[in-house]
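One letter stands for each residue in the lines below.
Number of protein chains: 2
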Amino acid sequence: MTSHPDESCCGSPHPIAPLPELTARLRREARRVTGPREAILDVLRRHARPLRIKEIHTLLGAGANCDLATVYRAMRLLEGMGMVKRVELGRRGSSFELLGEGDDGHHHHLVCTECDRVMELDSCLLETVEKGISLASGFKKVTHRLEFFGICPRCQSPAS
Amino acid sequence: MTSHPDESCCGSPHPIAPLPELTARLRREARRVTGPREAILDVLRRHARPLRIKEIHTLLGAGANCDLATVYRAMRLLEGMGMVKRVELGRRGSSFELLGEGDDGHHHHLVCTECDRVMELDSCLLETVEKGISLASGFKKVTHRLEFFGICPRCQSPAS
DNA sequence: CTGAGTGCAAAGTTTTTGCAGCCTC
DNA sequence: GAGGCTGCAAAAACTTTGCACTCAG
Numbered sequence: 214m215t216s217h218p219d220e221s222c223c224g225s226p227h228p229i230a231p232l233p234e235l236t237a238r239l240r241r242e243a244r245r246v247t248g249p250r251e252a253i254l255d256v257l258r259r260h261a262r263p264l265r266i267k268e269i270h271t272l273l274g275a276g277a278n279c280d281l282a283t284v285y286r287a288m289r290l291l292e293g294m295g296m297v298k299r300v301e302l303g304r305r306g307s308s309f310e311l312l313g314e315g316d317d318g319h320h321h322h323l324v325c326t327e328c329d330r331v332m333e334l335d336s337c338l339l340e341t342v343e344k345g346i347s348l349a350s351g352f353k354k355v356t357h358r359l360e361f362f363g364i365c366p367r368c369q370s371p372a373s
Numbered sequence: 214m215t216s217h218p219d220e221s222c223c224g225s226p227h228p229i230a231p232l233p234e235l236t237a238r239l240r241r242e243a244r245r246v247t248g249p250r251e252a253i254l255d256v257l258r259r260h261a262r263p264l265r266i267k268e269i270h271t272l273l274g275a276g277a278n279c280d281l282a283t284v285y286r287a288m289r290l291l292e293g294m295g296m297v298k299r300v301e302l303g304r305r306g307s308s309f310e311l312l313g314e315g316d317d318g319h320h321h322h323l324v325c326t327e328c329d330r331v332m333e334l335d336s337c338l339l340e341t342v343e344k345g346i347s348l349a350s351g352f353k354k355v356t357h358r359l360e361f362f363g364i365c366p367r368c369q370s371p372a373s
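Sequence lines, in order, name chains A and B. Residue 356 in the numbering used here sits at position 143 of the first sequence, with consecutive numbering throughout. Residue 284 in the numbering used here sits at position 71 of the second sequence, with consecutive numbering throughout.
Don't read these hints as lab results, they were simulated from the structure. One thing to keep in mind: the hints can contain errors.
Because identical chains share one entry, a pair is satisfied inside a single copy or across any pair of copies.
In silico SDA-like pairs for lysine to any residue, Cα to Cα no more than 25 Å straight-line [to be verified]:
{"id": "1", "residue 1": "Lys298", "residue 2": "Leu359"}
{"id": "2", "residue 1": "Lys353", "residue 2": "Arg367"}
{"id": "3", "residue 1": "Lys353", "residue 2": "Gln369"}
{"id": "4", "residue 1": "Lys353", "residue 2": "Cys328"}
{"id": "5", "residue 1": "Lys298", "residue 2": "Ala261"}
{"id": "6", "residue 1": "Lys298", "residue 2": "Asp280"}
{"id": "7", "residue 1": "Lys344", "residue 2": "Cys328"}
{"id": "8", "residue 1": "Lys298", "residue 2": "Val342"}
{"id": "9", "residue 1": "Lys344", "residue 2": "Ile364"}
{"id": "10", "residue 1": "Lys267", "residue 2": "Ser307"}
{"id": "11", "residue 1": "Lys298", "residue 2": "Glu360"}
Work the whole structure out from these sequences, hints included.
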């Protein structure tokens with residue numbers, strides 16, 4: 214189990230991918246490397262935890278001069294390319310986190326129901342379950358989405 | 214594994230609770246049994262699968278004369294009372310399904326990514342995982358949300 | 001009778017879309 | 001230079017809220 218860096222906690226679970234490596238992935242798929250996209254990828258690589266669209270837009274700051282609609286479009290593109298994983302953490306709206314090259318993003322999260330802090334859980338033992346479900350149901354390409362919720366130690370103490 | 218009744222499939226996984234039993238639960242909590250609430254509960258008990266707010270509102274029909282805002286308010290109430298479970302199935306917005314008395318709602322779903330049909334999965338083996346996570350992380354009241362996605366047999370055939 | 005609950009209307013959020021101009025390739 | 005991408009604006013989709021009236025208990 215690893216905690217997230219950033220406001221929430223500390224210690225990155227994954228090595229931070231260099232920005233040029235990320236833009237290279239865009240180019241490889243014949244997508245253009247633009248200012249907004251570069252800025253968005255940079256925000257994502259510097260915050261290794263699920264970020265909401267609005268958070269990304271805010272973190273971009275006024276300098277990036279990037280429209281909210283552009284963030285939505287970029288995240289849809291990146292999701293489609295598998296560069297980013299969409300996570301639904303119960304709060305309103307989706308969150309996104311960067312995926313490493315070849316990372317299928319099959320880790321899961323532990324979310325505090327009080328303060329929304331997010332921890333990442335390391336292992337995923339559900340591949341065999343998926344196979345069993347696929348066999349029993351006839352479904353193909355079975356994947357899953359799994360999130361844990363609870364009250365974090367900080368929110369359990371009286372003065373949170 | 215059980216499939217859902219209704220448009221999707223057939224065979225109810227749970228016995229259908231009588232309407233008076235449901236309204237009794239309302240009264241027991243000192244909530245009023247009104248026309249709209251009764252109609253909403255009746256819709257829920259007759260469709261044993263996750264329903265979206267809009268679906269519920271539509272299924273109520275013009276006769277019920279129930280406002281969409283009232284459905285939202287009712288679902289929040291019922292969720293708070295534990296009579297209903299909120300499910301996020303990837304489509305936009307939440308879905309809800311009726312919970313039996315004493316049912317904690319810990320079953321999960323298999324959703325077709327093509328047509329959105331939903332099947333219910335019977336068992337949940339994650340309680341021990343939850344306990345382990347709680348021990349390792351210090352989180353309290355750990356619960357989880359788990360959904361499987363895939364392409365159902367019907368959507369795999371050429372003429373779906 | 002009393003206040004919880006409702007309909008209606010309006011506003012708040014989140015996400016998508018159309019379009020003209022810009023800038024990457 | 002061509003077309004993918006962007007900002008801006010508007011709208012669509014989803015959800016909440018304020019208020020006066022109604023009706024369940």
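message: If the cut is 25 Å between Cα atoms, do Lys298 and Leu359 qualify within a copy, between copies, both or neither?
response: Classified as both; 13 Å inside a copy, 16 Å across copies.
query: Between Lys344 and Cys328, at a C-alpha cutoff of 25 Å, which is it: within one copy, between copies, both, or neither?
result: Classified as between; 21 Å across copies, 35 Å inside a copy.
- request: Pop the pair Lys298 and Glu360 into one bin, within, between, both or neither, using alpha-carbon distances up to 25 Å.
  value: both (14 Å within a copy, 16 Å between copies)
- request: Measure nothing new, just compare the shortest in-copy and cross-copy C-alpha distances for Lys298 and Val342 to 25 Å and report within, between, both or neither.
  value: both (21 Å within a copy, 23 Å between copies)
message: Regarding Lys353 and Gln369, is the shortest C-alpha distance of 25 Å or less found within a copy, between copies, in both, or in neither?
response: between (42 Å within a copy, 8 Å between copies)
- request: Using 25 Å as the alpha carbon limit, work out where Lys344 and Ile364 are close: within a copy, between copies, both or neither.
  value: between (32 Å within a copy, 13 Å between copies)
- prompt: For Lys267 vs Ser307, is the C-alpha pair at or below 25 Å within one copy, between two copies, both, or neither?
  reply: Both: 10 Å inside a chain and 20 Å across chains, each within 25 Å.
message: Within a copy, between copies, both or neither: which one fits Lys353 and Arg367 at a CA-CA cutoff of 25 Å?
response: between (42 Å within a copy, 11 Å between copies)
task: Measure nothing new, just compare the shortest in-copy and cross-copy C-alpha distances for Lys353 and Cys328 to 25 Å and report within, between, both or neither.
output: between (37 Å within a copy, 13 Å between copies)
- prompt: How do Lys298 and Ala261 come out at 25 Å by Cα distance, when the copy is not named: within, between, both, or neither?
  reply: Cα proximity of Lys298 and Ala261: one copy only (12 Å, versus 31 Å across).
field: Alpha-carbon proximity context of Lys298 and Asp280, limit 25 Å
entry: within (21 Å within a copy, 36 Å between copies)
Checked against the numbered hints above, the structure breaks none of them.
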